[in-house]
Amino acid sequence: MDLFEYQGKQFFGSFGIAVSPGEVADTVDDAVAAADRLGYPVVVKAQVQVGGRGKAGGVKLAADTDEARTHAGDILGLDIKGHVVKRLWIEKASDIAEEYYASFTLDRAAKKHLGMLSAQGGVEIETVAESDPDAIAKIWIDPAKGLDDATLRDWVTAAKLNPQATEGAVELLGKLYTAFVDGDADLCEVNPLILTPEGRVHALDAKVTLDDNARFRHDWDEYEATQTRDEREEAAHAKGLQYVGLDGEVGVIANGAGLAMSTVDIVNQVGGSPANFLDIGGGANAEVMAGALEVINNDPKVKAIFINIFGGITKGEEVANGIVTALGRVQIDSPIVIRLDGTNAEQGREILSRHESETLISRPTMLDAARTVVELAKR
Amino acid sequence: MSIFVDENTKVVYQGLTGSQGRFYGLRNRDYGTQVVAGTNPKKAGEDVDGIPVYATVADAVAATGATASCIFIPAPGVKSAVMEAAEGGVKFIVVITEGVPAQDEAWFYNKVTDDFPDVRILGPNCPGIISPGKANIGITSGDIALAPQPGKPAVGIVSRSGTLTYQALYELKLQGIGVTTCVGIGGDPVPGTSFIDCLEAFEADDDTKAVMMIGEIGGSAEEQAAEFIAGKMTKPVSSYVAGVTAPPGKKMGHAGAIVSGGKGTAAAKMDALRAAGVKVGQNPTEAGELMVEIVESL
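Those protein sequence lines, which keep their order, are chains S and Z. Just so it is clear: in the first sequence, position 143 is 143 by the numbering used here, and no numbers are missing. Just so it is clear: in the second sequence, position 215 is 1215 by the numbering used here, and no numbers are missing.
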């Protein structure tokens, strides 16, 4: 789950990381009131989960009430790369002496935590990595051992920050690592991390991705509430189905993430275009199947449905009976092509054959089924 | 031969008294796996259909000589269950549970590697491992797997995806190709056992003549595997990578299956594998057909 900047700053704040004071505002009046309380100058910042908002006019400095009103009015409702701004973060402006970059993430190849620190902040780290890779100081941390003070200091030294920033950076980065680990983040990134003319170090931006699997030990309700999901994804989510909305016309239902991905692939391969990725999990009982069909059926773009099931533990005849029962419960508008394989697939296909029609077709292989369903979708 | 597990592997099931643990524990026993014990701190002294339950893995190891553990504990308890298993003395820990926090898996993978270097973890979020005809630990359906056939070359399978693993086993069975061991390494960000660990073990196993490898989008495990295959493997490999058309930034079911910042795409993985001499199929069926060709040419 990706957090908005203001949520990232609240998250940082809860771990004692220094951030600029600020307030959230959803209307121009609220924005002006917040700015007046904070004291000028303030920065009016669009809250969107997309990069490049500064260039798109989504971040503006306001010297007084009038400017705050103008900027808030301009930015609210602004479309930034398809993301419409509905919320602002009004922040007390900071004097900046220098801008740095800092982040913690998991290096999957090394199976270690990776910390990156650079004296070149405020620009995209990918750009720095390409133009001047030596400007990024990296450390790999054994998650079972953690980050000790000596290693932290060596790392800060290696990044060649202004010596004035050393103490502040050591303190902030130590807390950032704690936030990353104890806060169950996949990513904690600060860009820029700033040094003020008075020698203080603090986080001017916050990019945080939380690990959905760790939800059980945190109170993330507030973050959850602001997540924007596609309506279809919302409906599937409520049924406990793994769903990703795509733009095509072939509805896809499969059991297992790999098989679902593979189904989306094969539909594309034979010239079709999938409407979604939907994984109903290992089993394929009538309950789950009916739920999945409802979700697909509610997608107006879907012209044909591809059910791709490999019976492992769930036997072919149980899968077939599940599909038949589900079809009895849900009125489906589009033709369905089923590929059923695996344990007792023959018995399953035999059951399906009794219900076959122009709109319910069974095919023995993935490729046959994909070709048939794509043809039907194009009709 | 097989890799990692065989008919001598004695397994303790952590969570045997739960519904999932019981179902699969008994199924695995029916397959012929030596299911010697279960654990539950509150039910020590009881049994599950004749399988004795102990309070801890250490107790189970002391009483039964268990060498492996299979974990069916809900995600919040997995971190301590893995440590209990390693400290309890088993050498192979299979974690079936899905939804384990990434920080937990990063922690226990490194903790076990640091403190118990001879212990191997498989998973989390994996279907388990089956050496057909010898042992089945996890949720794979035993009847879709064919044991090595006398006089015919057998192959090994390693996969990041559950259902595609079953698909691979089944297609090889239909073709009459036996499997030495099929390892599901799971789709999580920090898998205890990697492709390379399995490829290395298959390369060293005399009975395994070729390997089928099934990957998916996200991370760089397939690219690392390709490097290993190019440099260190003599046995032929066929492969398939799921998620060719996955949109960037979306998790495709598995926590690890995500294309981010243009990295981890299926196309890049397939290119790397092809460059390493691997026969790459466009779909699982094609990868199976390629394996048939490989086996026929051996």
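Watch out, some of these pointers could steer you wrong.
[What the hints assert, rightly or not] Going by beta-carbon spacing under 10 angstroms, a handful of chain Z positions derived as facing chain S:
(1) TYR1109
(2) PHE1228
(3) GLY1253
[Said to hold, decoys possible] Pairs of lysine to aspartate or glutamate, DMTMM-like flavour, derived with a Cα cap of 20 angstroms:
(4) S:LYS55 / S:ASP30
(5) S:LYS112 / Z:ASP1115
(6) S:LYS160 / S:ASP149
(7) Z:LYS1250 / S:ASP107
(8) Z:LYS1079 / Z:ASP1059
(9) S:LYS81 / S:ASP247
(10) Z:LYS1250 / S:ASP26
(11) S:LYS145 / Z:ASP1115
(12) S:LYS111 / Z:ASP1059
(13) Z:LYS1251 / S:ASP247
(14) Z:LYS1251 / S:ASP107
(15) Z:LYS1173 / Z:ASP1143
(16) S:LYS92 / S:ASP26
(17) S:LYS86 / S:ASP149
(18) S:LYS111 / Z:ASP1143
(19) Z:LYS1209 / Z:ASP1197
(20) Z:LYS1279 / Z:GLU1227
(21) Z:LYS1263 / S:GLU224
(22) Z:LYS1250 / S:ASP2
[To be verified] Far from chain S by the CB rule (all over 10 angstroms, computed), these chain Z residues:
(23) ASN1008
(24) GLY1018
(25) SER1019
(26) ASP1059
(27) ALA1102
(28) ALA1147
(29) ASP1206
(30) ALA1276
(31) ASN1283
Honestly, the hints are just simulated from the structure, not real lab data. Fair warning: this is a prediction, and the values are worked out from it, not measured in the lab. C-beta: ideal position from N, C-alpha, C; glycine also.
Hints, one by one, checked against the model:
| no. | hint | verdict |
| --- | --- | --- |
| 1 | TYR1109 | 6 angstroms, holds |
| 2 | PHE1228 | 13 angstroms, violated |
| 3 | GLY1253 | 3 angstroms, holds |
| 4 | S:LYS55 / S:ASP30 | 24 angstroms, violated |
| 5 | S:LYS112 / Z:ASP1115 | 16 angstroms, holds |
| 6 | S:LYS160 / S:ASP149 | 17 angstroms, holds |
| 7 | Z:LYS1250 / S:ASP107 | 19 angstroms, holds |
| 8 | Z:LYS1079 / Z:ASP1059 | 19 angstroms, holds |
| 9 | S:LYS81 / S:ASP247 | 18 angstroms, holds |
| 10 | Z:LYS1250 / S:ASP26 | 28 angstroms, violated |
| 11 | S:LYS145 / Z:ASP1115 | 11 angstroms, holds |
| 12 | S:LYS111 / Z:ASP1059 | 31 angstroms, violated |
| 13 | Z:LYS1251 / S:ASP247 | 16 angstroms, holds |
| 14 | Z:LYS1251 / S:ASP107 | 17 angstroms, holds |
| 15 | Z:LYS1173 / Z:ASP1143 | 10 angstroms, holds |
| 16 | S:LYS92 / S:ASP26 | 17 angstroms, holds |
| 17 | S:LYS86 / S:ASP149 | 41 angstroms, violated |
| 18 | S:LYS111 / Z:ASP1143 | 35 angstroms, violated |
| 19 | Z:LYS1209 / Z:ASP1197 | 17 angstroms, holds |
| 20 | Z:LYS1279 / Z:GLU1227 | 15 angstroms, holds |
| 21 | Z:LYS1263 / S:GLU224 | 27 angstroms, violated |
| 22 | Z:LYS1250 / S:ASP2 | 12 angstroms, holds |
| 23 | ASN1008 | 26 angstroms, holds |
| 24 | GLY1018 | 16 angstroms, holds |
| 25 | SER1019 | 13 angstroms, holds |
| 26 | ASP1059 | 25 angstroms, holds |
| 27 | ALA1102 | 5 angstroms, violated |
| 28 | ALA1147 | 17 angstroms, holds |
| 29 | ASP1206 | 29 angstroms, holds |
| 30 | ALA1276 | 17 angstroms, holds |
| 31 | ASN1283 | 5 angstroms, violated |
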